Amino acid sequence: MGRRYSRLRADLNILEISLSSSYRFPLLEGLAFLYLFFPIVFAPLIRAPYVCQFVSYAFGLPVFLTQILILVNLAYSVASEIESGLTQTYITYPVKRADFILIKILVGLGVPITLLALAEAIVTYMAFSVVGFSLDELFFSILASLGQLVMFALVFLTISLLIKKGGLALGISIALWFILSIAISIFSLFVYFSGIKEFFYLSALLNPTNIVNAYYAKGSSVLPGGIVVEPTFTEMVLVLLGHYAINIVLLAIIIAYFMRRFEP
Amino acid sequence: MNPVINLENVYKRFGRVQALNGLSLQVKPGTIFGLIGPNGAGKTTTVRITAGIIRCDSGLVEVFGENPWDNIEVKSRIGVLHERVSYPKNLKVLDFLTRVANIYGVSDAEKRALEVLKLVDLVNAKNRAIKGLSAGMLQKLGLAQAIVHDPELVIADEPTANLDPLMRRKVLELIRDLHRELGVTFVISSHILPELALVCRDVAFIHKGRVYYQGDISDISSKLGGYVYRIICGKAPQVASMLKDRLRVKDLEYDERLIRVYFDEDPGPNLFIAIGEIAKEIRVKVESIESSVVGLEELFRRAVRSG
Chain A
1 MGRRYSRLRA DLNILEISLS SSYRFPLLEG LAFLYLFFPI VFAPLIRAPY VCQFVSYAFG
61 LPVFLTQILI LVNLAYSVAS EIESGLTQTY ITYPVKRADF ILIKILVGLG VPITLLALAE
121 AIVTYMAFSV VGFSLDELFF SILASLGQLV MFALVFLTIS LLIKKGGLAL GISIALWFIL
181 SIAISIFSLF VYFSGIKEFF YLSALLNPTN IVNAYYAKGS SVLPGGIVVE PTFTEMVLVL
241 LGHYAINIVL LAIIIAYFMR RFEP
Chain B
1 MNPVINLENV YKRFGRVQAL NGLSLQVKPG TIFGLIGPNG AGKTTTVRIT AGIIRCDSGL
61 VEVFGENPWD NIEVKSRIGV LHERVSYPKN LKVLDFLTRV ANIYGVSDAE KRALEVLKLV
121 DLVNAKNRAI KGLSAGMLQK LGLAQAIVHD PELVIADEPT ANLDPLMRRK VLELIRDLHR
181 ELGVTFVISS HILPELALVC RDVAFIHKGR VYYQGDISDI SSKLGGYVYR IICGKAPQVA
241 SMLKDRLRVK DLEYDERLIR VYFDEDPGPN LFIAIGEIAK EIRVKVESIE SSVVGLEELF
301 RRAVRSG
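From first to last, the protein sequence lines are chains A and B. Per this note's numbering, the first sequence starts with residue 1, numbered consecutively. Per this note's numbering, the second sequence starts with residue 1, numbered consecutively.
Source of the hints: derived by calculation from the structure; they are not laboratory data. One or more of the hints may lead you astray.
Unchecked claim - Quick look at which bits of chain B chain A covers, simulated, 3 or more residues with Cβ under 8 Å:
| hint | segment |
| --- | --- |
| 1 | 77–84 |
| 2 | 98–110 |
Unchecked claim - Straight line, CA to CA, 30 Å or less: simulated DSSO-like cross-link-like pairs of lysine-lysine:
| hint | chain 1 | residue 1 | chain 2 | residue 2 |
| --- | --- | --- | --- | --- |
| 3 | B | LYS170 | A | LYS165 |
| 4 | A | LYS96 | B | LYS28 |
| 5 | B | LYS280 | A | LYS164 |
| 6 | A | LYS165 | B | LYS89 |
| 7 | A | LYS96 | B | LYS131 |
| 8 | B | LYS126 | B | LYS170 |
| 9 | B | LYS111 | A | LYS165 |
| 10 | A | LYS164 | B | LYS131 |
| 11 | A | LYS164 | B | LYS92 |
| 12 | A | LYS96 | B | LYS89 |
| 13 | A | LYS165 | B | LYS208 |
| 14 | A | LYS96 | B | LYS126 |
| 15 | B | LYS92 | A | LYS96 |
| 16 | A | LYS96 | B | LYS111 |
| 17 | B | LYS235 | B | LYS285 |
| 18 | A | LYS164 | B | LYS208 |
Unchecked claim - Partial list, computed: chain A residues near chain B (C-beta under 10 Å):
| hint | residue |
| --- | --- |
| 19 | SER6 |
| 20 | SER20 |
| 21 | SER21 |
| 22 | GLY85 |
| 23 | LEU206 |
Nothing here was measured: the structure is a model prediction, and the numbers come from that model. No residue lacks a Cβ here, since even glycine has one placed at the ideal position from N, Cα and C.
Build the full structure now, drawing on both the sequences and the hints.
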């Protein structure tokens with residue numbers, strides 16, 4: 001019996017096992033996919049003259065469903081696998097810890113987010129191809145729509161890694177989801193009534209859809225007192241980059257924790 | 001010969017629990033090494049640190065001369081059977097084992113997986129989903145995945161846990177046969193001492209996160225072993241004290257009714273004569289006198305007591 005170890009081959013095998021375990025009966029994914037037709041059917045009814053508004057209005061439900069999907073996926077494929085001892089089995093094999101957690105992130109977050117992004121792009125393109133729109137508007141709209149989803153997903157992943165119990169991780173993630181959503185809403189209200197532009201940019205770091213809407217749908221973001229927020233292209237890109245930088249830092253913390261401290 | 005595993009002064013704490021408390025042990029290559037200790041002694045923590053799954057707080061941990069934490073080189077040379085076996089339950093037995101062989105880079109992985117399934121007597125279940133396997137079959141699959149890449153060292157944590165007596169014996173015989181056929185070094189942890197005595201020659205007694213004794217079972221027997229007599233009688237403390245004055249006793253333990261006397265050499269009828277005389281003198285009733293060679297369980301108790 002010969003042996004020729006390849007790190008890539010080892011990773012691909014773990015990826016294959018994880019994919020087949022997580023998406024064996026993709027019932028929730030199927031439902032989410034069906035909901036993606038919702039915007040196509042009702043696109044003419046959605047009064048959104050701008051792509052950015054269309055993406056944030058029309059994909060509210062699919063994004064919500066994807067969030068649930070990711071939450072359940074992480075609780076059961078990460079926390080439950082730690083609880084049952086499966087993660088311990090995997091990291092006994094010659095697989096780098098960093099590779100393993102990246103595979104888990106790819107399966108738990110990457111797959112549903114990529115599907116959603118693709119669907120958003122296709123449906124929006126179909127809805128607006130007659131009117132015509134710029135590709136950069138589509139690109140930044142989707143990027144903003146997915147940013148917060150990724151942020152929530154990374155928080156769920158952190159909880160799953162720390163709690164290590166499927167059911168409990170799911171319960172805590174749902175509770176935290178509500179708390180974070182309410183906190184962001186309260187902050188947005190505060191920003192609106194304060195009428196301070198700087199706060200608007202700060203809140204856009206957590207919810208970048210606002211700044212993309214403010215840039216492309218010019219004149220739509222009006223604060224009390226008639227203050228109109230009209231960010232420049234550079235400001236919009238900087239806020240988006242800032243938002244994704246927060247996500248990258250969160251991701252780096254998760255990977256570093258898994259590599260150095262995580263004990264199944 | 002360099003040890004396969006070298007642990008020196010290893011400490012590990014989980015919250016308030018000090019799981020390992022200065023544990024040191026060495027495992028020589030080519031042996032079946034037994035880690036013996038009661039539940040909570042620190043066996044599983046030792047196994048997990050050795051397999052690179054968790055880190056110690058302080059101390060030296062070396063497997064094949066290297067730190068096993070996140071070390072692919074070390075991991076590809078060892079196979080691990082965990083106490084709590086868990087595999088992707090929807091996969092079929094052969095599919096799973098083939099994938100494990102692929103992870104280790106085994107050439108012709110499926111052929112090797114089939115060979116190993118034959119070796120552990122699980123070939124008839126090759127097309128069954130893992131979730132449909134019995135506890136004994138799961139344990140065999142655990143062994144199969146631990147040896148599929150022909151490792152130099154296999155670490156098995158409580159390999160007979162949750163099995164019925166017949167299956168326990170089968171699993172231990174399988175380990176013994178694999179050791180004989182493949183020449184693999186095995187480290188087996190267990191709290192069921194007589195079972196380990198069947199397969200292990202080198203043992204370490206672990207208690208409260210420390211190794212109390214390590215060596216060849218026969219060496220330990222000669223140092224701590226000998227002959228033990230259990231005497232049930234009235235006024236046991238008084239009888240014990242008088243017995244010590246009359247015979248060459250190695251060690252003595254007693255409570256109100258039971259005396260345990262240890263001898264280097266079998267005292268034979270002298271003990272019965274002495275007990276008879278003492279019973280007459282202080283007028284006590286002797287209910288029973290039983291003798292036996294000191295077993296592994298007794299050795300463990302004594303090793304811990306002697307510290």
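We went through each hint and held it up to the structure:
Counting residues of the segment 77–84 of chain B whose CB lies closer than 8 Å to any CB of chain A gives 3, which reaches the minimum of 3, so the coverage claim holds. A stretch counts as covered by a chain when three or more of its residues have a beta carbon under 8 Å from one of that chain; for the segment 98–110 of chain B and chain A the count is 9, and the coverage holds. As the CA atoms of LYS170 of chain B and LYS165 of chain A are separated by approximately 34 Å, the hinted pair breaks the 30 Å bound. For the hint pairing LYS96 of chain A with LYS28 of chain B, the CA-to-CA distance comes to about 28 Å; that is within 30 Å, so the pair holds.
With a C-alpha separation of about 66 Å, the suggested pair LYS280 of chain B and LYS164 of chain A falls outside the 30 Å cut-off, and the hint is violated. For a cut-off of 30 Å, the pair hint linking LYS165 of chain A to LYS89 of chain B stands: about 18 Å separates their Cα positions. Taking the CA atoms of LYS96 of chain A and LYS131 of chain B, the gap is near 27 Å; set against the 30 Å cutoff, the hint holds. Taking the CA atoms of LYS126 of chain B and LYS170 of chain B, the gap is near 19 Å; set against the 30 Å cutoff, the hint holds.
The straight-line distance between the Cα atoms of LYS111 of chain B and LYS165 of chain A is roughly 37 Å, outside the 30 Å bound, and the hint therefore fails. In summary, the hint linking LYS164 of chain A to LYS131 of chain B is supported, as the alpha carbons are separated by about 21 Å, within the 30 Å threshold. A distance of roughly 26 Å separates the Cα atoms of LYS164 of chain A and LYS92 of chain B; the hinted pair therefore holds under the 30 Å criterion. A threshold of 30 Å between alpha carbons decides the hint, and for LYS96 of chain A with LYS89 of chain B the separation of about 23 Å falls inside it, so the pair holds.
For the suggested pair LYS165 of chain A and LYS208 of chain B, the alpha carbons sit about 28 Å apart, so the restraint of at most 30 Å is met. Simply put, LYS96 of chain A and LYS126 of chain B have alpha-carbon atoms about 29 Å apart, close enough for the 30 Å limit, and the pair holds. Pair hint LYS92 of chain B plus LYS96 of chain A holds up; C-alpha atoms about 25 Å apart against a cutoff of 30 Å. Restraint check: the Cα-Cα separation between LYS96 of chain A and LYS111 of chain B comes to about 26 Å, which is no more than 30 Å; the hinted pair holds.
Of the supplied pair hints, the one linking LYS235 of chain B and LYS285 of chain B holds, its CA atoms being roughly 9 Å apart against a limit of 30 Å. Taking the CA atoms of LYS164 of chain A and LYS208 of chain B, the gap is near 26 Å; set against the 30 Å cutoff, the hint holds. Below 10 Å, beta-carbon pairs count as interface contacts, and SER6 of chain A has one with chain B at about 6 Å; its hint therefore holds. The beta carbon of SER20 of chain A is positioned within 10 Å of a beta carbon in chain B (closest approach about 7 Å), and the interface hint is therefore held.
At its closest, the beta carbon of SER21 of chain A sits 5 Å from a beta carbon of chain B; the interface hint therefore holds under the 10 Å criterion. Proximity of GLY85 of chain A to chain B holds as hinted, the smallest CB-CB distance being about 4 Å (cut-off 10 Å). The interface hint given for LEU206 of chain A is broken, as the beta carbon of that residue sits about 34 Å from the closest beta carbon of chain B, more than 10 Å.
Of the numbered hints listed earlier, those contradicted by the structure are 3, 5, 9, 23.
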